[in-house]
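Visitor: Protein chains in written order, with this note's numbering: chain A, 68 to 305; chain B, 96 to 332.
If you're looking for bench data, these hints aren't it; they were derived computationally from the structure.
All figures in this text were calculated on a predicted structure; none of them were measured in a lab.
C-beta: ideal position from N, C-alpha, C; glycine also.
A couple of the hints might just be wrong.
[Said to hold, decoys possible] Label pairs and their in silico Cβ distance ranges:
#	chain 1	residue 1	chain 2	residue 2	range
1	B	W189	A	A166	37 to 45 Å
2	A	S137	B	D220	30 to 38 Å
3	A	T127	B	V157	25 to 33 Å
4	B	L158	A	G257	32 to 40 Å
5	A	A281	B	W249	51 to 59 Å
6	B	L158	A	E178	41 to 49 Å
7	B	L237	A	G128	28 to 36 Å
8	A	D286	B	L159	42 to 50 Å
[What the hints assert, rightly or not] One side of the interface only, derived from the structure: several residues of chain A facing chain B at Cβ under 8 Å:
#	residue
9	V123
10	M141
11	F143
12	F147
13	S152
14	R158
15	A160
16	G164
17	L238
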Amino acid sequence: MATAEPLLALRDATVRFGDVVAVRDASLEIRAGESVAVVGANGSGKTTLLRTLHGVVEHTGTRRVSAAASPQAMVFQRPFLLRLSVRRNLRIALRLGAAELSTRERRLRAEEALARVGLQALGDRPARLLSGGEQQRLALARSWSVRPAVLFLDEPTANLDPSAKKEVEALLAGFIAEGMTIVMSTHNLGQAKRLATRIVYMDSGRIDADLPTAQFFADTIGGRADLFLKGDLSWSLE
Amino acid sequence: MSAVAESFATALRLITEADPALVRIVALSFAISGAACAAAAALGLVAGAWLAAARFRGRRLVLLALDTLLALPSVVVGLLVYLGLSRSGPLGAWGILFTPAAMVIAQTILVLPIIAALARQVVADALREGGDQLRSMGAGRLVAALLMLLHERWAVATLLLAAFGRAISEVGAVMIVGGNIDGVTRVMTTAIALETSKGDLPLALALGFVLLAVVALVNAVIALVPHARGVVAAENR
Chain A
68 MATAEPLLAL RDATVRFGDV VAVRDASLEI RAGESVAVVG ANGSGKTTLL RTLHGVVEHT
128 GTRRVSAAAS PQAMVFQRPF LLRLSVRRNL RIALRLGAAE LSTRERRLRA EEALARVGLQ
188 ALGDRPARLL SGGEQQRLAL ARSWSVRPAV LFLDEPTANL DPSAKKEVEA LLAGFIAEGM
248 TIVMSTHNLG QAKRLATRIV YMDSGRIDAD LPTAQFFADT IGGRADLFLK GDLSWSLE
Chain B
96 MSAVAESFAT ALRLITEADP ALVRIVALSF AISGAACAAA AALGLVAGAW LAAARFRGRR
156 LVLLALDTLL ALPSVVVGLL VYLGLSRSGP LGAWGILFTP AAMVIAQTIL VLPIIAALAR
216 QVVADALREG GDQLRSMGAG RLVAALLMLL HERWAVATLL LAAFGRAISE VGAVMIVGGN
276 IDGVTRVMTT AIALETSKGD LPLALALGFV LLAVVALVNA VIALVPHARG VVAAENR
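Using the sequences provided together with the hints, build the complete structure.
Guide: And the structure:
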């Protein structure tokens, strides 16, 4: 359930890459237990907004992070996996993100995460030899294993086939059901509708709409958001 | 039989019979170049990783200097180390001039820029691919860069082999700081130079064959690394 105190609050954040303004005056609050989908056309600034919220991109605004918003984790569209086994990738992630755990606890946590995403049998396989869907599941396991207070997902199913997409979505639905706070960018409006409690619509680097999911899909929002929903801007409801 | 053919025959006999003088020279060459490469790897890999990750004023200048040092002439290294270690030099008190230790120092200086510059390039490329994600997982800049050395271990192995090939085949620096003392500082390259100048071709040729075999072996291993890296290619598909 969403609470009054935001875990993360972004105010008037503008992100520039050279002459390009990727995000313009963005203000957004993320509360515990929310599942927020950031949608918009290609190049609208979804990924940059996500990275800004996660704190890995420099911006000109303010970003307030509550004590309860730590740790955070992010799953990228193309997860970077070290040329090591699946298991060692997980253990390194735990060493970096949960350094307070003992070696034994890290080992147990890694096995738990592998089981959670159904990769236990592939623990000794080179991570980079996994299929795209399995790699994304490993990336999810890596993030989930550090028990993030906020999990960011950048187009987590964009490069996956329908069956892998379904597997990843089922895992995400499980995380959300457990109360994990999730902020994800997606092109897939069907996915946003299924997983999110709130939709943030971006256009040309600006946040154009920020509404509860039911309201976003039911109402006429106006402007380019309507065009986007109709599929006249980019992508359609799957 | 001509003199050259006779020299070849004697050289092959020295190798097949494992002539003690030949074995001693080959063993010392491996020990010195191996120690130099180990020392240069310990310093150069960390320095290269740090240079790939760090952002500081004057970094471009440091990188330019490092790239320049790639072409460092071995005789210049020999001369500088000689000046440093000679009795009147700043490190003269160590008393290690004309010892294997001085030769290790010279070869370390010679291959250090090679290892550091190539490691920097390897790590910088890897960081471009996954640096952000490692940082997002909680790794600091240096930790992310060091993890990339592990990630790119095949490329690192290749560059270390290349450095070893450079060290074991150089002659100028070890000649100057080692002095080519029989049984003490005589290595393959200095022995070849000396025996050739003396006209004792069999030992020079035998050492030449061994050196050639060593360099060929290093190159073969470098060629095999990409084969092993077939796994890497599959991983990158």
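Visitor: Taking the hints in turn, state whether each one holds.
Guide: Okay, the hints, checked on the actual structure:
no., hint, verdict
1, W189/B to A166/A: 37 to 45 Å, "holds (42 Å)"
2, S137/A to D220/B: 30 to 38 Å, "holds (32 Å)"
3, T127/A to V157/B: 25 to 33 Å, "holds (31 Å)"
4, L158/B to G257/A: 32 to 40 Å, "violated (49 Å)"
5, A281/A to W249/B: 51 to 59 Å, "holds (52 Å)"
6, L158/B to E178/A: 41 to 49 Å, "holds (43 Å)"
7, L237/B to G128/A: 28 to 36 Å, "holds (29 Å)"
8, D286/A to L159/B: 42 to 50 Å, "violated (60 Å)"
9, V123, "holds (5 Å)"
10, M141, "holds (5 Å)"
11, F143, "holds (6 Å)"
12, F147, "holds (3 Å)"
13, S152, "violated (12 Å)"
14, R158, "violated (12 Å)"
15, A160, "holds (6 Å)"
16, G164, "holds (5 Å)"
17, L238, "violated (19 Å)"
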